[in-house]
Amino acid sequence: MLSYILRRFLLAIVTVWAITVLAFVIIQLPPGDFVTIYINALQSSGSPISYGQAEAMRAQYGLDQPMYIQYLKWMGMMLQGDFGMALAWNKPVKEIIGDRLTLTMVVSIAAILLTWTVALPIGIYSAVRQYSLGDYVFTFIGFIGIAVPNFMLALILMYVGYKYFNMSIGGLFSPQYAEAPWSLAKVLDLLQHLILPALILGLAGTAQLIRIMRANLLDELRKPYVVTARAKGLSETRVILKYPVRAALNPFASTIGYYFPYVVSGSIVVSLVLSLPTVGPLLLTALVAQDMFLAGTIVLMLGVMTVIGTFVSDLILMWIDPRIRMEG
Amino acid sequence: MAIQTQQPDAEERISLATQWQLIWWRFRKHTLAQIGAVIVILFYLVALLADFLAYSDPTYVEAQRSLLPPHGIQWFDDGKFAPFVYGLKGTRDPVTFKRVYVTDTSQKYPLRFFGKGFEWKFLGFKFDRHLLAVEGAPAEEVLFLLGTDSLGRDLWSRLMYATRTSLTIGLLGVTLSLFLGILLGGISGYYGGPLDTFIQRVIEVIRSIPTIPLWMGLGAALPREWSVTQVYFAITVILSLIGWTELARVVRGRFLSLREEDYITAAELAGCSQLRIIFRHMVPSFLSHIIAATTLAIPAMIISETALSFLGLGLRPPAVSWGVLLQDAQNVQSLAISPWLVIPTIPVIVVILSLNFLGDGLRDAADPYG
Amino acid sequence: MEHGPEPILSVRNLKTYFFQDEGIVHAVDGATFDLYRGQTLGIVGESGCGKSVTARSVLRIVERPGRIVEGEIILRREQPNGQTDEIDLTKLNPDGALMRAIRGKDIGLIFQEPMTSFSAHYTIGNQITEAIRLHLKLSKAEARARAIEMLRLVGIPKPERRVDEYSFQLSGGLRQRAMIAMALACDPGILIADEPTTALDVTTQAQILALLERLQRERGMAIMLITHNLGVVAEMCDAVVVMYLGRVVEKGPVRQIFHNARHPYTQALLRSIPSIEAAPRVKLPTITGSIPHPYKRPKGCPFHPRCAHVMPGLCDVQTPALQPVAEHQEASCFLYHPSQ
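Line by line, the protein sequences are chains A, B and C.
Each step along the first sequence adds one to the number in the working numbering, with nothing skipped, and position 258 is 258.
The number in the working numbering is simply the position in the second sequence, starting from 1, with 1000 added.
The number in the working numbering is simply the position in the third sequence, starting from 1, with 2000 added.
Where hints are given, some of them may not hold.
Unchecked claim - Straight-line distance between alpha carbons at most 27 Å, and here's what the computed BS3-like set of lysine-lysine pairs gives:
1) A:186 - A:94
2) A:94 - A:73
3) B:1116 - B:1089
4) A:242 - C:2137
5) C:2015 - A:223
6) C:2140 - C:2105
7) A:223 - C:2105
8) B:1089 - B:1108
9) C:2140 - A:242
10) B:1080 - B:1108
11) B:1126 - B:1080
12) C:2015 - C:2299
13) A:73 - A:91
14) C:2296 - A:242
15) C:2283 - C:2299
16) C:2091 - C:2140
17) B:1116 - B:1126
18) C:2296 - B:1029
Unchecked claim - Examples of chain A residues lying across from chain B (beta carbon under 10 Å, computed):
19) 15
20) 22
21) 26
22) 141
23) 143
24) 275
25) 280
26) 284
27) 288
28) 296
29) 306
Hint data in this document are derived by calculation from the structure and do not stem from the laboratory.
Small disclaimer: the values here were computed from a predicted structure and weren't measured.
Cβ atoms here follow ideal geometry from the backbone N, Cα and C, with glycine treated the same way.
Please put together the full structure from these sequences, using the hints given.
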């Protein structure tokens, strides 16, 4: 068990390292070094910096040194919690992305929770009542869910909401709460606004998880231990919920590891369409403006959050499956 | 009890059939997969014949005619079949002073099938015939089956070209992923050991990184001065560099299970060379699985390209793809004024659905002995 | 035979069919037999003859599209007041409270695959105490104590530790012992053992069979032993029911069946047992032909296409019924019909 956790943890560390390299590459990709871009941006905004300051910055980031030193310096800054400056805001990156990163995670986790609570019972129903009318209906909805990319779904729903219900959907807060400090009322307001983005983000995953759950459960239902459980005199509901469903949860749980990055990914585009105050729109503006510190930090942070999410889901998987717990 | 699904008299037929015949018979039972196959073929025909099916030059800009609503064909004239379109008359709205177009029923432009229109090239030859052509005026000025975009370009014609771009990018990207997937998955599955572990870890690392932010970062870094073709290929490469993992997983799984099969051991004992074992014994038995997995990978590619272009970080105008077209439909305001701009979502959904049905059917049929 | 006057379980003309798109499979087609207290009844036949479906029909756990279409399954239970009540299991709702109370409490089941008969997600103890608490209304601690007791009874070493282990941590033999412990945890009057030793190696097989014999002696339960292994039958059983294509072709005390089989199928079956006394290099006799396709069941006596004594015009037209052929022995064959 310990070795399993250790292995997963090491993998998580390696993944984080790979992500830092990728983020660094993204920062480096645009032509010219970022101090030049930074200086240009400051000049155009009317607060030029002196030659000496620029040189000091170059030295701080090690721009006159080889690539790997630059990378190490940047890593060092990251580890100290210094993510550099965001050009357009002329503020430290940390200040700008803090709240938005949290909201990104809130939206993603809400979508995943919704997916689970919906996909699990429907998957069970579809397997136990295979080829029933309900099974066909859910299969059909599932296919639609897979075929409609989530940003298009957002687009269509927004249009429908605007045109037929005359309401603007989008955002995570009502106007009166947007800038207000956190309070119970604000949280409730957030929860209300969360449902639609979570639904949109979760639909494709829900469809896929229903199919996975249905297929797994159909396999499990044929296994002898189900007959054993029935022969003990348990009620049918108890038999199914305690034994095959439990077994079918395994492959189901092992998909969350990959599902989390997928949802975070999707939230970026959906946030743009629904104008959610997550890091999505910020990343796009940063990339378009070549504000590479901001963009690189966002990519890095999303990656790290995902890795943590994946690691947690691995722990959940271990908790669910005694075979991993005993052997690992 | 052992229940066979075939009648005994069919048994002999089955035992004599080749693997591909079995796959074909199984596939024939999947109605949805067959419908999917037909639709997919039709769409790829559209991609091939985009120039012929378009009737307007997709780059013809006329700001005066921006955001025109769809303008339908009149099929009958005086009870006779003689398709034509009415002309459009530009006037000023007396209240807003905006320029608006109204149907001018006094002007009729007859339509011709296989008539002459703008010039296009195919395999070095020049053509000017189109499925639909207008007589008496350039098609760009009177025929707007699906309306126009903000620059007055005809949406139908642009949709034809977008279909070509999006579908080929899907195919090309999958081909590239397939190459990477078979190579790395094959190595991983055939040799096993530390190499396998390493490749598996790489796959796990790639899969646990959120893809869209990464694509956005890479897409944004493509130099602005690159040509449409360069960007097109660069995007394909970016998409497949991340998209190969799933295919590699399938290939590896197949290799692993095949390695244990008795007939492979038999071939080894009979002294077959490694290459012969791979290509003569292993590949035929998992080719069908690869085809199915590939079919299921194309929609993911198409969605990725569409999403990226939709954000403005993928293909850039003057390239036309479904995502580029949808960029015009990014906010509620533009949708409310010109709802026809969402039309490009329809082919995206239809194609993805069809490819999914087709892939599902192929996957079920791929294991005819299962 | 030393059994009481009334059988604990009587199966009468049981028919269980599977309704499939391709046709109806007559898995059990008119089976009739009795099981007495303290008796071990062997049900033998080739695979696909309906043995297992018979067992599942008794427990009412036949899965869709299978269904009991006809017949009676009478269970006689002893009440606490000394009276016996009779229940026709075919009349019960398979998911109803009474049927569920009978399953596990009055009839226990063990079967072939010890590998997968336990769920890998719960400890052995969890799965045994579940049955105990369901039927015997004991507290958690009492149920656990009983589970450990049962594990000790079936010969599992260190039951206090094993009770908290998972099935995949046990060997095949131990797993089958644990399975028996679970089936017997609520002291059922009937134990249905569906090929209990098929998946085990020969030494373990012998141990499990010895265990079953011992438990039967100690507890006086009736065992319905389903097997295709005639050696096991000879060793374990008091009486035998031979099935072919869902029908009982012959039944009787084990000695008579082995030494004086009447039905051509039983005779052929016995001839195909390898014997240590047989002459070397002589081919083992096999039954000619193969089991017909489930949808293409022969008309008349189902065995007639493979029978050496087939009487054309009779066997392929009419279906024979069970006829007494000796004391306690019956066979369904026209060779023994009084009219012939």
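Can you give the numbers of the hints that this structure goes against, from lowest to highest? 11, 14, 15, 16, 22
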